[in-house]
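Residue numbers (the numbering used here), protein chains in the order written: chain D, 1 to 271; chain U, 272 to 592.
Don't take every hint at face value.
Here are the simulated EDC-like cross-link-like pairs (lysine to aspartate or glutamate), alpha carbons at most 16 angstroms apart as the crow flies [stated by the list, open to error]:
1. U:Lys423 / D:Glu168
2. U:Lys423 / D:Glu102
3. U:Lys352 / U:Asp339
4. U:Lys352 / U:Glu340
5. U:Lys584 / D:Glu102
6. U:Lys428 / U:Asp446
7. U:Lys400 / U:Glu487
8. U:Lys418 / D:Glu228
9. U:Lys428 / D:Glu39
10. D:Lys41 / U:Glu429
11. D:Lys41 / D:Glu228
If you're looking for bench data, these hints aren't it; they were derived computationally from the structure.
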Amino acid sequence: MRSDRGQSAPLGLKIAATIGLLFLHLPILLIFVYAFTTEEKSFVWPPPGLTTQWFAVTWNRPDVWQALSLSVRVAAISTAIALVLGTLCAAAVSRTKFFGRETISLLVILPIALPGIITGIALRSAFSLAEIPFSFWTIVLGHATFCVVVVYNNAVARFRRTSGSMIEASMDLGADGFQTFRHVVLPNIATALLAGGMLAFALSFDEVIVTTFTAGQQQTVPIWMLEELIRPRQRPVTNVVAMVVVLVTLLPILLAYYLTRDGDQIAGSGK
Amino acid sequence: MTLTATQANPAPAILPGNGGMRGALSDLFWRRPQFLLLLMLLPPVLWLGIVYIGSLFALLLQSFFSIDEFSGLINRQFTLKTYGDLLQAANLDIILRTVTMAALVTLASAIIAFPIAYYAARYARGRWKALFYLGAMLPLWSSYLVKIYAWKLILAKEGILTWLLAKLHLLWLLDGWLSLPVVGGNSLSVSSTGTFIVFVYVWLPFMILPVQAALERVPGNLVEASSDLGASPGQTFRNVLFPLALPGIVAGSIFTFSLTLGDYIIPQIIGTSRLFIGQAVYSQQGTAGNIPLAAAFTVVPIVIMGFYLWGAKRMGAFDAL
Numbered sequence: 001m002r003s004d005r006g007q008s009a010p011l012g013l014k015i016a017a018t019i020g021l022l023f024l025h026l027p028i029l030l031i032f033v034y035a036f037t038t039e040e041k042s043f044v045w046p047p048p049g050l051t052t053q054w055f056a057v058t059w060n061r062p063d064v065w066q067a068l069s070l071s072v073r074v075a076a077i078s079t080a081i082a083l084v085l086g087t088l089c090a091a092a093v094s095r096t097k098f099f100g101r102e103t104i105s106l107l108v109i110l111p112i113a114l115p116g117i118i119t120g121i122a123l124r125s126a127f128s129l130a131e132i133p134f135s136f137w138t139i140v141l142g143h144a145t146f147c148v149v150v151v152y153n154n155a156v157a158r159f160r161r162t163s164g165s166m167i168e169a170s171m172d173l174g175a176d177g178f179q180t181f182r183h184v185v186l187p188n189i190a191t192a193l194l195a196g197g198m199l200a201f202a203l204s205f206d207e208v209i210v211t212t213f214t215a216g217q218q219q220t221v222p223i224w225m226l227e228e229l230i231r232p233r234q235r236p237v238t239n240v241v242a243m244v245v246v247l248v249t250l251l252p253i254l255l256a257y258y259l260t261r262d263g264d265q266i267a268g269s270g271k
Numbered sequence: 272m273t274l275t276a277t278q279a280n281p282a283p284a285i286l287p288g289n290g291g292m293r294g295a296l297s298d299l300f301w302r303r304p305q306f307l308l309l310l311m312l313l314p315p316v317l318w319l320g321i322v323y324i325g326s327l328f329a330l331l332l333q334s335f336f337s338i339d340e341f342s343g344l345i346n347r348q349f350t351l352k353t354y355g356d357l358l359q360a361a362n363l364d365i366i367l368r369t370v371t372m373a374a375l376v377t378l379a380s381a382i383i384a385f386p387i388a389y390y391a392a393r394y395a396r397g398r399w400k401a402l403f404y405l406g407a408m409l410p411l412w413s414s415y416l417v418k419i420y421a422w423k424l425i426l427a428k429e430g431i432l433t434w435l436l437a438k439l440h441l442l443w444l445l446d447g448w449l450s451l452p453v454v455g456g457n458s459l460s461v462s463s464t465g466t467f468i469v470f471v472y473v474w475l476p477f478m479i480l481p482v483q484a485a486l487e488r489v490p491g492n493l494v495e496a497s498s499d500l501g502a503s504p505g506q507t508f509r510n511v512l513f514p515l516a517l518p519g520i521v522a523g524s525i526f527t528f529s530l531t532l533g534d535y536i537i538p539q540i541i542g543t544s545r546l547f548i549g550q551a552v553y554s555q556q557g558t559a560g561n562i563p564l565a566a567a568f569t570v571v572p573i574v575i576m577g578f579y580l581w582g583a584k585r586m587g588a589f590d591a592l
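Chain D with its partners taken away, still in its complex shape (with noise of 0.2 angstroms):
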């Protein structure tokens, strides 16, 4: 009569284990050591000194103030469109059986699934090909686009949870089409629609691959970033913006994972 019922994990795996989780999160913590940091040539550890002037600095920079901009309402615009398109072809996909129906959810998964560079190239041959100039358009176009599985997951999973004889009941009871989808649909799907739409925000605020096919000159926040990887300018600007950058995307996520964990999906699963 063995059970491990309330055993303890084996030591190597606890140790394996906590050096993996250690491995994933060190690495982000350490951007916010080098915020502060006073040096400004190079990356050197540990820092020479303390210091919160970089904020000041970061603060006053205008070309930083526009990437956040551009980079806010392409992410607000694309979780938009994304939010429309991904409901209706969840609340299509789990309504009814319908030939063809496979191919449908295939074809959402599809622009995240293939490497983003062939999303990107892809969508930039097609922008020369049609003669599109490059806009704030272009862009939205491409962040729609793989933005909308995000949110047909999370829309998708939480229709399966919601028992269609509700919809019947409020039908039974008088309300018309609209009114059912008002007071019964919403009320259930909203707070999968909102965790979605958040992580659609985040994804689209972050995205660099495809970005760059279909940015032309303006910069959003993560071009302004490869900009300064590439070729840095003023590291502690840089390493301040990266710190603002992993904090702005961790709210959206968090919060999403709040108004999802009682649930049986998990919302940030199949980024």
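Given the coordinates of chain D, work out where chain U should sit on it, guided by the hints.
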């Protein structure tokens, strides 16, 4: 009396419609669900079909064009010449290097991910379970460029890793490794080893989640039965746990493999000047202006992933996603 009253005024079985545009539409949706379905599917399918599939098709089409070597203009005539160019030794070298890197990264991620996933699936409970879950989720969703940037800080010659090794009196180990031919370089941040470490770091969470999902489904009493029957922990792992976790590992490897194949930013920032497929695509379409060759290059990961997905499907990896 009451009986006759109800008989005289029977309650209507069907309520009158709400009337107006809205009521008519609502009734239409109820009577003809196919119409509603079509209306719901049309926007997403149009968007993805035109924007995405259309672009992919345009890309594929361009790989059958060729570039005029003297004028640099694109000759829009069907030819296989570009695919011939793709098979030059230098390009095959790029493809081989990328595939080798993708395979090594996948293997390493599986090895590092397994203990984390196993602990999370079998031993972590309650609060710890949530912590492990967030432990894999947060790095997955935190900024890709910031993660690469963090490693640039770590791997720099004056960075924390060199400092740590110096404190441990292990610098000779690092220097010895860097003097090796293929994996070495001037410092870790300009060596293939550095590229490898960053790839593993960035894609590792994509491996943890599916492996954990697969291990969650292994009943604990299977492991107990195996040890009751006299198997050592090693034998239990080889014969029970590993085969059952394999679909999860394959599912995770789809991400690590595909993402490594297509990435061009990591090897550009941390690594040698030897190109990977993604960098080749980027430079062909950008500075070289040879869109047909760039398009032909992107067909390589598509074909490789096609075979990979086909194999993965046969192993049942999609059920573990």
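message: Need the status of pair U:Lys352, U:Asp339: alpha-carbon distance at most 16 angstroms?
response: 11 angstroms, holds
message: Hinted pair, alpha-carbon criterion (16 angstroms max): U:Lys423, D:Glu168. Please report holds or violated.
response: 57 angstroms, violated
- prompt: Going straight from one Cα to the other, do U:Lys428 and U:Asp446 come out at no more than 16 angstroms?
  reply: 11 angstroms, holds
message: Please verify whether U:Lys423 and D:Glu102 have alpha carbons no more than 16 angstroms apart.
response: Violated, because 42 angstroms separates the two Cα atoms, which is more than 16 angstroms.
query: Can the restraint linking U:Lys428 and D:Glu39 be considered satisfied, given a maximum Cα separation of 16 angstroms?
result: 15 angstroms, holds
- prompt: Within a Cα-Cα threshold of 16 angstroms, do D:Lys41 and U:Glu429 meet the stated pairing?
  reply: 11 angstroms, holds
- prompt: Are D:Lys41 and D:Glu228 close enough, with their CA atoms no more than 16 angstroms apart?
  reply: 13 angstroms, holds
message: Holds or violated: U:Lys352 and U:Glu340, Cα atoms, limit 16 angstroms.
response: Holds. U:Lys352 to U:Glu340 sits at ~12 angstroms (cutoff 16 angstroms).
message: Can you confirm whether the C-alpha distance between U:Lys400 and U:Glu487 stays at or below 16 angstroms?
response: Distance of about 12 angstroms is within 16 angstroms: holds.
Straight-line alpha-carbon gap U:Lys418 to D:Glu228, limit 16 angstroms: 14 angstroms, holds
task: For the pair we were handed, U:Lys584 and D:Glu102, check the Cα-Cα distance against 16 angstroms.
output: 14 angstroms, holds
When the structure is compared with the earlier hints, violations turn up for hints 1 and 2 and for no others.
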